[in-house]
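Listed below, chain by chain, are the residues.
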Amino acid sequence: MTYSALAWKNLVRRPVRTALTAGGVALAVAVAVSLGGFNLGYRQAIAGSIEQLGFQVMVMAKGCPYEAATMMLKGGTGLLYLPEEAHAQIRTDPDIEAITPIFIGIAEKQNYSLDGSPAASAFTILSGVDLDSFRAMKPWLKLKTGAGYDGGRWFAPDSTNEVVMGYEAAEYEQRKVGDVFYVSVVPNGKVDPELHAFTVVGVLERTGAQDDGTVFLPLRAAQTAFGRENELTIIGIKLKEFNGIRMREFEGRWLKIPEVQVVSLEQVKGALVSLVGTAQTMVAAVAVIAVLVAVIGVVNSVLTSVHERTGEIGVLKAVGAGRGQIFRLVWLETLLTSLAGAVPGSLLAAGGARLTDAALRHLLNIGVTQPLVRITPGLLGAAILGAVVLGLLAGIWPAGRAAGLRPVEAIRSGE
Amino acid sequence: MANDILISGRNLRRHYRRGSETVKALDGVDVDVRAGESVCVLGPSGSGKTTLVNLLSALDAPTAGELTIGGRRVDGLSERELVGVRRGLLGYVFQQFHLIPTLTVAENVALPLLFLGRKAEPAEIARVLAAVGLADRAGHLPKELSGGQMQRVAIGRALAVRPRVLIADEPTGNLDSHTGEAIFDLFQKTVREDGVALVLTTHNLALAARCDRTLTLADGRIVA
Numbered sequence: 020m021t022y023s024a025l026a027w028k029n030l031v032r033r034p035v036r037t038a039l040t041a042g043g044v045a046l047a048v049a050v051a052v053s054l055g056g057f058n059l060g061y062r063q064a065i066a067g068s069i070e071q072l073g074f075q076v077m078v079m080a081k082g083c084p085y086e087a088a089t090m091m092l093k094g095g096t097g098l099l100y101l102p103e104e105a106h107a108q109i110r111t112d113p114d115i116e117a118i119t120p121i122f123i124g125i126a127e128k129q130n131y132s133l134d135g136s137p138a139a140s141a142f143t144i145l146s147g148v149d150l151d152s153f154r155a156m157k158p159w160l161k162l163k164t165g166a167g168y169d170g171g172r173w174f175a176p177d178s179t180n181e182v183v184m185g186y187e188a189a190e191y192e193q194r195k196v197g198d199v200f201y202v203s204v205v206p207n208g209k210v211d212p213e214l215h216a217f218t219v220v221g222v223l224e225r226t227g228a229q230d231d232g233t234v235f236l237p238l239r240a241a242q243t244a245f246g247r248e249n250e251l252t253i254i255g256i257k258l259k260e261f262n263g264i265r266m267r268e269f270e271g272r273w274l275k276i277p278e279v280q281v282v283s284l285e286q287v288k289g290a291l292v293s294l295v296g297t298a299q300t301m302v303a304a305v306a307v308i309a310v311l312v313a314v315i316g317v318v319n320s321v322l323t324s325v326h327e328r329t330g331e332i333g334v335l336k337a338v339g340a341g342r343g344q345i346f347r348l349v350w351l352e353t354l355l356t357s358l359a360g361a362v363p364g365s366l367l368a369a370g371g372a373r374l375t376d377a378a379l380r381h382l383l384n385i386g387v388t389q390p391l392v393r394i395t396p397g398l399l400g401a402a403i404l405g406a407v408v409l410g411l412l413a414g415i416w417p418a419g420r421a422a423g424l425r426p427v428e429a430i431r432s433g434e
Numbered sequence: 005m006a007n008d009i010l011i012s013g014r015n016l017r018r019h020y021r022r023g024s025e026t027v028k029a030l031d032g033v034d035v036d037v038r039a040g041e042s043v044c045v046l047g048p049s050g051s052g053k054t055t056l057v058n059l060l061s062a063l064d065a066p067t068a069g070e071l072t073i074g075g076r077r078v079d080g081l082s083e084r085e086l087v088g089v090r091r092g093l094l095g096y097v098f099q100q101f102h103l104i105p106t107l108t109v110a111e112n113v114a115l116p117l118l119f120l121g122r123k124a125e126p127a128e129i130a131r132v133l134a135a136v137g138l139a140d141r142a143g144h145l146p147k148e149l150s151g152g153q154m155q156r157v158a159i160g161r162a163l164a165v166r167p168r169v170l171i172a173d174e175p176t177g178n179l180d181s182h183t184g185e186a187i188f189d190l191f192q193k194t195v196r197e198d199g200v201a202l203v204l205t206t207h208n209l210a211l212a213a214r215c216d217r218t219l220t221l222a223d224g225r226i227v228a
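Chains as they are written, first to last, in the working numbering: chain A, 20 to 434; chain B, 5 to 228.
No wet-lab data here; the hints were simulated from the structure.
Among the hints, a few may not be true.
Unchecked claim - In silico lysine to aspartate or glutamate, EDC-like type, Cα no more than 20 angstroms apart, as pairs:
#1 A:Lys28 x B:Glu148
#2 B:Lys147 x A:Glu331
#3 A:Lys209 x A:Glu192
#4 B:Lys147 x A:Glu327
#5 A:Lys128 x A:Asp114
#6 A:Lys157 x A:Glu224
#7 B:Lys28 x A:Asp149
#8 B:Lys28 x B:Asp223
#9 A:Lys257 x A:Asp151
None of these values were measured; they are calculated from a predicted model.
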């Protein structure tokens, strides 16, 4: 017989009450772990997605820089354009390590509804890129191989009808190397759309970034298709040395170009993180309330148990239990209740991470493709430890009450 | 060593407040308990029997008077200190048995050893269970036992720590006369074989007659 065994037997004496109390703890821990996982995952996802852009600084037409950045990450409409000569000017900057011009347009897919379902995915992002500088900026981009993808290559720089599809774009459209991909585009200044038949010459491996959902084509071909020759959407820049001072110096040099703004992706990252700050605060408040309710539940449950067993505690004292031993016993009961909730709660959060991820993605419409909820062993350990500490704190009062009972009064009140 | 005094009380008083009234549950009692003797406390309900055995078993402290248990003055001690007096020296048997319902017979018997910090050796528990006639009931829960068997478990629990004084408050009060006799036989066997002092309260005059001494209480005083 050990204290733990005795405590456990006391708990299972009232299985429903113990299960409900532990369930409350489990729920609170699951909410707290999910929130922690979201905090962790979201920051990493934003950082990862921005990292996958390959550049640290964007030059773009004046407007909302965060909208543009979000568009880069998740796609969107309402694009603004800057003159292409800005690229020619900026590329001479001595602090630049690499630079790439990008033209982004939104095209309507033709016969898109392979499964018969109309959807927002009727539109696709066409990204016109300068092949050499773009690939140098994103050396991790690899062409997919295997059945249907062998022989894949990048488009010829001067081609007008070749595209390379991102992994998800190709999967969704069920296109392989050699297939034709139809889109219609309304060129700038025109009313009627023009149909384009592009040959898929390559499909990219999955990157986990927005590139997966993008269709790439030569810069000139994209500009021509959209009727915006000599215009760009953004210029992606990697500086030789990236820090706040260099960034400000760089910004100061190029803000002189009319209609152009310079945006650091660090700023964008901060803004995107703060975008969900309010939501995170609200969820944190819910988590705190859930934890408080769980703690109150544990206190109430153990107090009730102590009250019911007043006579029994008196008997334990009569047969030799000291104050500290009774305290230890009741405290162990609290600890076991907390653990009985914390462990399943943590597992629930870990097991339900994908569901939580999907729900958050649906609710918040966040422009990242990487997992939003990251539940790490460290996070689970911290949650269980936190529940144990809170459980022990919750147990002080009931354990103290039990320990302070005088045996004669306790036995008498139990009879 | 039969004349060794294990418990000595002088002018013991236990008063308490009930509203505006002071109840004198025990009012100037002198008592000695020696090793190897059985002392029966008789008296009508409310005469102070339970109050006296609560004091003698260090479950409660006297309001006034001198009380020595196992050679240690206990009057004026706090509950924390009284625990130290009870441990290992005194074994207590209740009228209502007061077994822990979730523990088996063997676990109930071993319980005091947990609080003494001693490992419950299976052979020792088996010895105690055999002594109280429950060798074949070790794994049973209290609800599976008869009243007499439950009281035997309670006696086994009290004996597990090898106490020098066994105190029993109306131990046969909830048992039929035949079972009560058997339980009393068990007590006498313990006194005879282990040299344990026995203090018990009862309303049963036949059982009282079998004790070495009787103390009769009325209104908190010894009257015979």
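Here is what the structure says about each hint:
| no. | hint | in the structure |
| --- | --- | --- |
| 1 | A:Lys28 x B:Glu148 | holds (17 angstroms) |
| 2 | B:Lys147 x A:Glu331 | holds (16 angstroms) |
| 3 | A:Lys209 x A:Glu192 | violated (27 angstroms) |
| 4 | B:Lys147 x A:Glu327 | holds (18 angstroms) |
| 5 | A:Lys128 x A:Asp114 | violated (40 angstroms) |
| 6 | A:Lys157 x A:Glu224 | holds (13 angstroms) |
| 7 | B:Lys28 x A:Asp149 | violated (103 angstroms) |
| 8 | B:Lys28 x B:Asp223 | holds (8 angstroms) |
| 9 | A:Lys257 x A:Asp151 | holds (15 angstroms) |
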